[in-house]
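Q: Chain by chain, the residues:
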Amino acid sequence: MTRYQNETRLLHGGDYNPDQWLDHPEILEKDLELMKKSKSNTFSIGMFSWSQLEPREGEFHFEWLDKIIDNIGEMGGNVILATPSGARPAWMSKKYPEVLRTNNRREKMLHGGRHNHCFSSPLYREKISIINRKLAERYGAHPALYMWHISNEYSGDCHCTYCQENFRLWLKNKYGNLKNLNDAWWGPFWSHAYSDWSEIESPSSIGETMVHGHNLDWKRFVTDQTIDFYEHEIKDIRQLTPEIPITTNFMADTHDLIPFQSLDYGKFASHVDVISWDCYPAWHNDWETTADLASKVGFINDQYRSMKQKSFLIMESTPSGVNWHEVNKVKRPGMHLLSSMQFIAHGSDSNLYFQWRKSRGSSEKFHGAVVDHDNSEENRVFKEVAQVGEVLEKMKEIKGSYKEAKVAIIYDWENNWALNDAQGFSNASKQYPQTLQAHYRYFWDQDIAVEVVTSDADLSKYTLVIAPMLYLIREETMTRFAEYVKNGGTLVSTYITGYVNESDLTYLGGWPKTLQEIFGLEVKETDTLYPKDKNQLIYQGLPFEIHDYCSILALKEAKSLANYTKDFYANTPVITKNNYGKGTAYFIGARTTFDFLEAFYAEIAQEKQLLNKWVVQGDKEVSVQSRDFEDYTYQFVMNFSEQLKEIQVASSGIDLITGKEKNKNLQLQPYEVLLIKVNEG
Amino acid sequence: MTRYQNETRLLHGGDYNPDQWLDHPEILEKDLELMKKSKSNTFSIGMFSWSQLEPREGEFHFEWLDKIIDNIGEMGGNVILATPSGARPAWMSKKYPEVLRTNNRREKMLHGGRHNHCFSSPLYREKISIINRKLAERYGAHPALYMWHISNEYSGDCHCTYCQENFRLWLKNKYGNLKNLNDAWWGPFWSHAYSDWSEIESPSSIGETMVHGHNLDWKRFVTDQTIDFYEHEIKDIRQLTPEIPITTNFMADTHDLIPFQSLDYGKFASHVDVISWDCYPAWHNDWETTADLASKVGFINDQYRSMKQKSFLIMESTPSGVNWHEVNKVKRPGMHLLSSMQFIAHGSDSNLYFQWRKSRGSSEKFHGAVVDHDNSEENRVFKEVAQVGEVLEKMKEIKGSYKEAKVAIIYDWENNWALNDAQGFSNASKQYPQTLQAHYRYFWDQDIAVEVVTSDADLSKYTLVIAPMLYLIREETMTRFAEYVKNGGTLVSTYITGYVNESDLTYLGGWPKTLQEIFGLEVKETDTLYPKDKNQLIYQGLPFEIHDYCSILALKEAKSLANYTKDFYANTPVITKNNYGKGTAYFIGARTTFDFLEAFYAEIAQEKQLLNKWVVQGDKEVSVQSRDFEDYTYQFVMNFSEQLKEIQVASSGIDLITGKEKNKNLQLQPYEVLLIKVNEG
Amino acid sequence: MTRYQNETRLLHGGDYNPDQWLDHPEILEKDLELMKKSKSNTFSIGMFSWSQLEPREGEFHFEWLDKIIDNIGEMGGNVILATPSGARPAWMSKKYPEVLRTNNRREKMLHGGRHNHCFSSPLYREKISIINRKLAERYGAHPALYMWHISNEYSGDCHCTYCQENFRLWLKNKYGNLKNLNDAWWGPFWSHAYSDWSEIESPSSIGETMVHGHNLDWKRFVTDQTIDFYEHEIKDIRQLTPEIPITTNFMADTHDLIPFQSLDYGKFASHVDVISWDCYPAWHNDWETTADLASKVGFINDQYRSMKQKSFLIMESTPSGVNWHEVNKVKRPGMHLLSSMQFIAHGSDSNLYFQWRKSRGSSEKFHGAVVDHDNSEENRVFKEVAQVGEVLEKMKEIKGSYKEAKVAIIYDWENNWALNDAQGFSNASKQYPQTLQAHYRYFWDQDIAVEVVTSDADLSKYTLVIAPMLYLIREETMTRFAEYVKNGGTLVSTYITGYVNESDLTYLGGWPKTLQEIFGLEVKETDTLYPKDKNQLIYQGLPFEIHDYCSILALKEAKSLANYTKDFYANTPVITKNNYGKGTAYFIGARTTFDFLEAFYAEIAQEKQLLNKWVVQGDKEVSVQSRDFEDYTYQFVMNFSEQLKEIQVASSGIDLITGKEKNKNLQLQPYEVLLIKVNEG
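Chain order of the listed sequences is A, B and C.
The UniProt record's numbering numbers the first residue of the first sequence as 1 and each following residue consecutively.
The UniProt record's numbering numbers the first residue of the second sequence as 1 and each following residue consecutively.
The UniProt record's numbering numbers the first residue of the third sequence as 1 and each following residue consecutively.
Read the hints as simulated data drawn from the structure, not as lab findings.
Be aware that a few hints might be false.
[Stated by the list, open to error] Partner residues are not named here, just some residues of chain C that face chain A (Cβ under 8 Å, in silico):
no.	residue
1	Q239
2	Y507
3	T528
4	Y632
Note that this is a predicted model, so its numbers are computed, not measured.
Using N, Cα and C, we set each Cβ at its ideal position, and we do this for glycine too.
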């Protein structure tokens, strides 16, 4: 049994960078004391240690790291050991400039920043092999070693000659010959057909930017090349430490917490043993309610849980504010516990922080951390962290449990790339990820569990599948959708679906036949509205506002549930329902305000018995999420509001946080969270 | 007689890119069928075919083109054959990087995009000569050949060493010696005098940007070098096919449809046989009324008609939306016919589209086209195109007719360049083209024909000449203005007129003497206002708002028609009138809201009998434009509103569109257009 | 006695660029006439004359300059002679590209603009030595020579290999060894430790931007290297003309007139003999009142006066508008005299203009000047300039006098750099200079004299020292603050003070102990608010709004003057007072609206007897500033409003402007200024 298999605790702790404090032994000593006081048990080490591990080429220093790992091990802690490829030492950039990236304008970057390395450079690959191997050899058998943390937040691309050559090889491998490539990229347009592989270069703002197939393949290549680099990094590690699980930390994009845009994590997920990711919501901001944001946090955590259909790790989060939002506000009292519990509620087995101790200098010195510059256990943040540590210990029995869902929302990275790149519609209003968040919101409000999966997912387990705005859709996906509905599934799709195939080539001959069959209609035109333009639909006697997009539909077997009320397509269908095989397919032809989605999904949830049975009388701002283990359901009841709330539930149980019995009438203070263990046996 | 001379039909059709569909013979066949069904008769071919015509250096493939041209010829269609210089094949960029542009930062561009070629490169000129000659030799005598379409939408500049050398030669040719150049560029300022020609480089954001004479000469050079490239392209074509007319397609800038900013089309116009241009209004947008936009469409089409004082061609337009506006909304039913008729009303002999069939891939696949991806003749856009085709056949008798106007507005490219580059006033409020559109608006509202001409135009034929904001004005222009007024003309000028000569050097000794004489006043100061600053004038007892600019005037012979009411120049003149020789010169000293221009021009129109006699009781949103042929006047009556409208006219006639007799009381549905043939004989 | 020592007149005149007009002898002659008519006595010459002085390498032409200087001398004028390094001739850029800058992306700039020279280039230094020496030899003994004007508005940086090498030398000199540098820059963070000096490069947008110590040292180096270049320029000049004073013209940043951001003028000041600077307020703008802007003008002129604690020179200003504001509005009648007097009131001994005569061409041809393109003495601007010339003659007895102040505000360039670079808080709301302007405003409103000094200033002479937002504070500064308060001083500090030391490394162990002692409290957390977030404090029974920043304070000896009313720190202290030694230290824990600062400082001003005794009943929009000479106080009374104003003063006197006796009840027309000579003897 490895440490990973033996560990029964939920993980608490975070990124620990003792390499910044080697000259301050008193600090390192204090750290050990504070780790215990904060009930921390797991530390990620070495993410950016290369200049300490190998300060000069070939001169390695592991003594300091030995000491740190031993110390953590001695106090019963887990070490998540990172490979240091996230940043190179300056000597390497100086001696071997090829390790640095070349940007899309073909400028060789200078030494600096982090994540500024070429994924193709043979030299960089050789250097990372050497040091990774040394780390695996030295620490692979260390009893404290819990997991490998490969590099850090892989992202970005490189346009150097090595990468150009690899891109061409990738294309050759994909297309076989130039004829196929020219067909897929619609080569004759603007005379863009290639006559020799060597003519192909990566997209560039001073060169080619307009060929969508080209752009799409470049993004696919960047994902594949990043995975290839990752696989290169783990090769020896896997061989030397076959039982130690391996992860790398994923991310979200922007303060809206939409799925990371630059890499296809749907593809990357199968290469890691455990999903881990870094979550930084902008709590208490001034443009949305706390519940608005909490719903987005729910969405993306559900996505990460769904990736491998098992529990995952929060690898980084902040106990306070961050340093890179436009406004870096501190968490209000109570929010740290609440938001930590939300991670667990959605399937995380950890709450780890970036970082353990605030740096003293450079750009992240004001990023929230467990230990502040005051080095004190008396400040508010430290105390709230310690409280989370304590609570995590009380609830450790749920570790590893997985939450089932009957509703799936489909997020497709390639679709997102293609849609964003599409010239047409309106760039400002495409908003694919935000549209998914809006559809998700109904279920979050109603405490109905959701999975967020890719187009390739097995849909058979779901009662309801929601696939909005699948602008790029493969024939194969359409076939699987048809199978799913035929077999009794319920499918919802929307405007801007079914335009192009996997090469970003439009379907010819009208809306794809398979979609016509599933939905019993044909999409004839898509009207793109200006921001001030509004339309309307009447659904169940009530008016709902429409904006941005209106599909004009020609119905076949489908029946209309609602019509447009305005413009030249007034009185034509906008919301439709079609019985197909044993199932049902709904089509939402226009972008509506959220109130329509609420009314629409309420109907389906009722009909398909999707409602949360435990929540008798809920509250939209009180989120209830559960995890199951053996005969018990662990109900997380979370008040994401600044008001006192009350909800009614179907059964009583013990609140693991306070240890108190809770009856079916639950009262929650602002930001309060309960974890009620309910016997469902 | 050539096909061009024989053709009696108005042109209908557009850009046809069969080179994208050579692998789809069923599509090419369907095209022929749909061409007929849509009453299309003219197709522009080959704009971006170089990679199909010469897929490898020196290997030419014309068979496919032979077939297409034969097919079009057989069905009685016209071919407008393009030279392919708008985009190069990848092999050429790879083998001869000199054909690619160097941007102003002196970065050599990579292969990609289109229009990315150096206008000076000897190699590119050689390559285009070879293929143009082959095209002329092969198709010059083809009976379907109607016209040459040289390249596509010439634009942009190049800063490579060839271009630098050509710029220096151009300067030597212009100035003769460096003393003259240094004088013209005000060389001693900031030590910018040159001591050797080789020191001169083109303006650059990493070099010189602040010398206005330098910038102005560079823009002139870019126009001249573009024309030189064009002349190079047509040399052999002209020799081989002397009877085939030659054009290249011009453009407008931004969704405001202002004249294209980068090339002096006033100069370019004399080099083409027929003016043709590409017009893409953003109909149904949310920031202006339909009439607001229609007036701008009127303005720029009037400008293109005025360039050669004869009918012109719409070479590109869209039957639906485009793909490059911020919001790409589809045309509402009726708008396609209405907007097509507006082109003809202002002097076009065609309505051609970009493009015939929507591309399947790459960046323009969602640009509106006659044939959609559904390949159907049943959809709304195709039907509306076919309707336009039918209407064009009914009205073909007006082909070639030219509309006279008694009002001219002067648009001067060099003035626009110099004014935009001027450091002073306020960059955000200069708005030279928009100011001309505002002055034009009164005449459009009142259905009074206007020509839009350059400063060099012969003014003697006009009753009224409007020359706002001529910041840069040549001595010679002032003299011609003086002659015009002396001989009885009416001239209107405004604030920010008469500052600099053709070298962008200020006039010394006060406002130019010739202008002082014409207008009977001197401009003493120009006050530039902040956005929130307002002044006011009282004209004919009514107050009108002033913003942006206020000239302080010292009157001599002129009399004041209105004074300022505020600020330190309150009670001093702002609107003046001067009798000069047999004519009259008005000066508008400040920027006013449109209501003043209405009142002001109403007075002049009344006095000078400029009013449209046929329109007894018009409507500002119903535009009436006419073309004359023999004894008939063809009155286009166009309702650019979403309301039912009624106007009274002076005489009845047949509506060519419906074939019905119309009396003097005309009712128009929203977006309805009538074309009433009135016997004026 | 030198001309400088002998000159008893206040300086009036400005930048004179006859080198632009050498072909126009009639203009040069007219200039002499207009100089006299405008009562101008001082002219800065040669700022950009290099291409006229040395049109070809080694070929020098001084004849024209001889003539100009002789002419000015003959009419009794002073010449401020500039070295021409502000712009190079084109031949030099062409032959020696090393003289041009390399930008941070490592692109070599092209010839063009001005101020585009490398401060390290040996060749440029050699060339400037040669010409400076020639100027000093030729004109050093000329009786008209008043002062040296070195280069023009030094600014910007260069990243060429010479500069890289100099940066490394500067770092070696500062740190001695790499260990020290790595410690100061917090090297191990992101593996940024250096192992060899050669690895270090300047910050770059394509390289390193995130290491704050690195950025801060680069900015320090740029200041030092600029001063080094300046010292190189003056070496021979000083040797040849030891008695002629030397200056270079400083600047302000943005239309908000905040201290220039790119160079540490606090450091530069000790290298010039006389402070001179260029002041361009945007009078009559539409976003603030005239008094708002006048207060900012007061602030920065006070800063320049404080630099050497003596009178200074306005080297450039405009008699009308400029050409580089977003809106270039002309000065309203009266504003020129008023704003000119304000310069003198705050300690200037000059009002000099850029420029004497408007250029005819190139980018500054519409910048306001004494003589316009009309070459006339009859226009409004010329007459207002002549009026200023006349008034300056009437008040010359105040020349050289210095105004004492009991209040100091600390502006620290390094703090500004570090705070702007800090990642944390909120970038949009840091606003360090604007915060100082807000604190200054109370004193300006109340006509209380202020000095604006650096952290290094001797504080012992002040009754009140205001040091807001000293994010970066040296140990030594804290010690001096402690001494100052201990000895009876009154110190005010604020939120975001005391975070980092001079290396931008945070203080460890909590808020710095010295600050804790001075203020009797500890800062525990800083809450950064979103723009819509508001808090509140109650001070003396009145509520005041809080935004942007809230420090959470733990009081020790201090007592609370006001508490927060909202959020989780409601009822905790926000404004505190501490008795420390013989003095008092106030801490303002949150950013408030200005009304709080008014109430707060009113209390202190009352208690510390800081109020202006001469102003019995003032007006916030009427600024009173004074200069003292022998037994007299010269009271400048300036109405910065568009209304008639009345104030009461303590004693009567003669208004030097009108020559009239004024009693204690002063009435002022809009924009009127009085200069009342009061006998205090």
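Q: Which numbered hints are broken by the structure, listed smallest first?
A: Going through the list in order, the structure violates hints 1 and 4 and respects the others.
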